[in-house]
Amino acid sequence: MPKIAMTVNGKQVSADVPANTLLVEFLRKDLMLTGTHVGCDTSQCGACVVHVNGHAIKSCTTLAVQANGASVMTIEGLAPGADLHTVQAAFKEAHALQCGYCTPGMVMAVVDMLKNNPKPTETQIRHGLSGNICRCTGYHNIVKAVQIASGQAVTA
Amino acid sequence: MAQDGIGASTKRREDYRFLKGIGKYTDDINQPNQTYCYFLRSPVAHAKIGKVDLSVAKSAPGVVAIFTAADLEAVGGVPCGWLITGKNAQPMKEPKHPILAAGKVRHVGDPVVAVIAESLNAAKNAADLVSIDYQELPAIIDMRTAQTKGGEPVHTEATDNMCFDWEFGDKAATDAAFAKAAHVTKIDLVNQRLVANAMEPRAAVGVYEIGTDEHTLFTTSQNPHVIRLLMGAFVLSIPEHKLRVVAPDVGGGFGSKIFHYAEEAFVTWAAKKVGRPIKWTAERSESFVSDAHGRDHVTHAELAIDANGKMLALRCDTFANMGAYLSTFAPVVPTWLHGTLLAGQYAYPAIYVNVKAMFTNTVPVDAYRGAGRPEATYIIERIVSKAARELKLDQAEFRRMNFIRKDQFPYQTPVALVYDVGDYEASMQAALKLGDYAGFPARKAASAAKGMMRGIGVCSYIEACGIAPSSLVGALGARAGLYEAATVRVNPTGSVSVMTGSHSHGQGHETTFAQVVASKLGIPAENVNIIHGDTDKIPFGMGTYGSRSLAVGGSAIVGALNKIIDKGKKIAAHLLEASEGDIEFKDGAYTVKGTDKKKTFGEIALTAYVPHKYPIDTVEPGLEETSFYDPKNFTYPAGTYICEVEIDPRTGTTVITSFVAADDFGNIINPMIVEGQVHGGLVQGIGQAMLEGAIYNDKGQLVTGSYMDYCMPRADDVPSFKVVTTVTPCTHNPLGVKGCGEAGAIGSTPAVINAICDALDIDNIEMPATPERVWRAAHAKTMKAAE
Amino acid sequence: MYAFDYVRPASLADAVKALGASEENRPLAGGQTLIPTMKQRLAMPATLIDLAGIAELKGVRRDGNAIVIGAMTTHADVAGNADVKAAIPALAALAGGIGDPHVRNSGTIGGSVANNDPAADYPAAVLALNATIITTTREIPADSYFTGMFKTALQPGELIKAIRFPIGAKAAYSKFEQRASRYALVGVFVAHTGAGVRVAVTGSGAGGVFRSAPLEAALAKGFSVDALKGAVVPSTGLLSDIHGSAEYRASVIPVIAERAVAAAR
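Chains as they are written, first to last, in the working numbering: chain A, 1 to 156; chain B, 1 to 787; chain C, 1 to 265.
Just chain A, same shape as in the assembly:
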């Protein structure tokens, strides 16, 4: 059984895991970081998005062993303590979440999107969200949240 070690949300972790363990399984079951969700099995929905070495990836389509030695950030590590990250705060402000299930992946995707494109247009936002499916919000308020988080809209 491979031994893996990685940094997760700034903390060093290590474990022996079977090679067929997905990163999302390792996060949810071994580390009890249940904020990262699984919404599909074909790498489409994006509920499982986390950052590996600073890039948004689908943790359901990544083996835990592939992240050996990497730095992983999940929704739980996005903002310290009780704080909300700018993107999290914008989601609340704009009512960009309902059931909350897609939200962690959505937020992690948006953080990465804004890192690469700090002032996206609405079209760029919508394309940038195409790897994340939300069944509740109709995306309208998620787009608004991205605009707020990127300083392009004052309020919801």
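Which bits of chain B does chain A cover? Going by a derived footprint, with three or more residues having C-beta under 8 Å, they are: (1) 283-291; (2) 714-728.
In silico lysine to aspartate or glutamate, DMTMM-like type, Cα no more than 20 Å apart, as pairs: (3) Lys3/A - Asp5/C; (4) Lys124/B - Asp5/C; (5) Lys11/B - Glu93/A; (6) Lys39/C - Glu118/B; (7) Lys39/C - Glu283/B; (8) Lys180/B - Glu390/B; (9) Lys29/A - Glu283/B; (10) Lys24/B - Asp30/A; (11) Lys39/C - Asp709/B.
Hint data in this document are derived by calculation from the structure and do not stem from the laboratory. The beta carbon of each residue, even a glycine, is placed where N, CA and C say it ideally should be.
Since chain A is already given, all that's left is putting chains B and C on it; use the hints.
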């Protein structure tokens, strides 16, 4: 208005835990010594189950136990919650729905063997070693030919595969109206099968405590008490006091998590058998073949119109697909939730509807966001637009001239319902203005100049929410009452805990219900906690569906609050040495009329728990009240939606360039949340119109069994929306509210299709209107023009 | 997923050795196709050889009049690479439109080209730009590399090291997506060089990516949108599925080709 009270766009308190990734969904719950369950499901649609060989699998590493139908003989089947009586007083056929398939499999995904193991992978590895001999039978897939196809029926109890043949309305009056009609519009419609696809797949964790003989089920449900009732009483024979059902954070429902499913009964049962907790979580591909699907109607409809453009009568013949088994509320969807809505917003005096419900070798079909009302609205709003086109009348004007007028309420429809209130002209005018209906011809011309085809579609929907008076639904076949319950517990220091039977799985009840309490008691919303989703914590509840939470559940909370306020008056009268009749409660304080004598709500609460100076002879200590609210009528949200599309005829690509919604939901507690509900509904309805569809091949294989083929709407498929509300308060519930959860999904689908048909100048197009279908229609038009 | 062993060799030689140890062994690139396939239990490798530890397989370099992209370079890295953007902007744009942002951060050019999914984007670029597949044993010209749906000229044990794209074509890629999967329903890559015009179509061919003779012939007369007017692509040999019939794909291909030509630079 109390800050964060009724009418405020209060930010949601549930957001924090969801945004931080610390919500608790069912799959996040782990129990000590937990095992994992994997269901081996039928790969074929229709077959006799021959020999099942478990011998190798049982000795596979990590296996705890393996069960088949033979182990479940003493267990009941999954029950149906509604009895429909068809023509000639014939009750519907109600074949048994076993927890694990017994003797036969009836759809791809029917669970046959349950493997419990130390890990999910171990369970799957063992399942690979199970050998099942399927003796395949011809699959019955097309509901239109199911009655005459011959061969082995889906169930021996229904040899012609018909579950019921139901009719409603006045056939003679309808026929008479058609006989004198100047114009008759006919349409054939397919309301395709959809998959709800809440983003959280279903999951269940069963726990049994041998020391107390208590069962606990954690499950992804919209209504934990309903599950406790159905599973406890009908499936497992566990009395309520020994059965706790918890629906924690639930990641969306849209109807699909109303129903009682075999998997949750199985893990509850098997947890006792194996003496360990059992977790089951669906994978998405499993959800596709085991969650109840939605819609799946085929309809022929006819509309009679007189020489002045007045609609006279509507008649519909519908096939409704029940799938392989009757899901919990399946029979009521195409009947009482559909037939009774066929008046729409119009004053036509005669309606007749016939619905033939069929069994097929497909996943069971049940309520999906809107449940029956989208099907009714699709019929009405498509045929009305087609009629306007045939009569060369403006589609908005034709609707307006047939609307039920504002002065006609309460309005008795020809299909049993009494609409209490509405103003259809107001929402129509709001939509026309917001959508710049008048400016459409110029926009169409501009599109044409670019080689693009632009169309506009109107839909004026009505729906019935807040289901519903128990006496009425009982008379219609419901096997339960449809009231709602709430307990308001005022704690000694004045904070308030509310236990509600409504369940939030995205709706934001923890915020809106607290706003209601804050307004009624005049206390800050932050002093109010809303508790839901646990049968051990809340008094009772029929749950959340049919946009009923605020109209019914909220009314129950108001009922309990009124009792609290009244009891407080007695205590205040004693403390203030006044008569009860002179006590007024306002803005969080009890005062003696015409004086400055006053006790705050907090003081009264403390007194109730520290009853030193107290009317103890007539009033009990404590401040906690429960109320059950049984609605007097449905509520009737209504509105008008306008969709505008632009089509590239060379590829069939259709872009929604504008979508406006004007809804009348009655009074509104939290406008921000209401708008969010509308947005989400709109996209689900647009998804049906343009993207989504569950497709079976003749063998009964679900061709669209993953997100690779079932097209979920994504952010770049849809536009931003313009939504407004008009208000006519509901006349029969204390908040004057109607419900907003489903309107978007009900009204948007016909609006989009009407727009596409308008753009292409055609009578109809099949849903989803994919680029190829649109291209074919545009292409046919071009070819015809060239002739 | 079935159980398997996992190794992450640090050198290409070790990877080839590990791969050759058993016919049941499989290389792992970005995993965006292989991992979902394994999750569905449709693949059962004995040992998975993760190529992520091999430095020489990563990155983009300019080599004379060509851009050479290491097999393990992600789509996001290609899309954002300054050399690619400057030398072959069409290729950068194609990479930036594959799948979704998260897929682009994991998926690799080598994985995509080795898999040869009939709806993948990269094969169209490789074929239209007349690229060369550099493997552990040889160099394979694009025209003899793609041999059918999910089939390539790669031999067992042979790994893609890099792909060399010649610079200098006026080119663009345009894609018409299947809305559910977001793979190409019709993807057309056009490339115009002094040597002529190459048009590669992905998403539509029953045998995977292919060059369209009628479109190449039309564009040979003049590399312009007008030259495509009246061009007809036959529906024979095209895919038909629930997302698009062969007839529909045949009709859409010239339209998408027009868009690509209009965008070419």
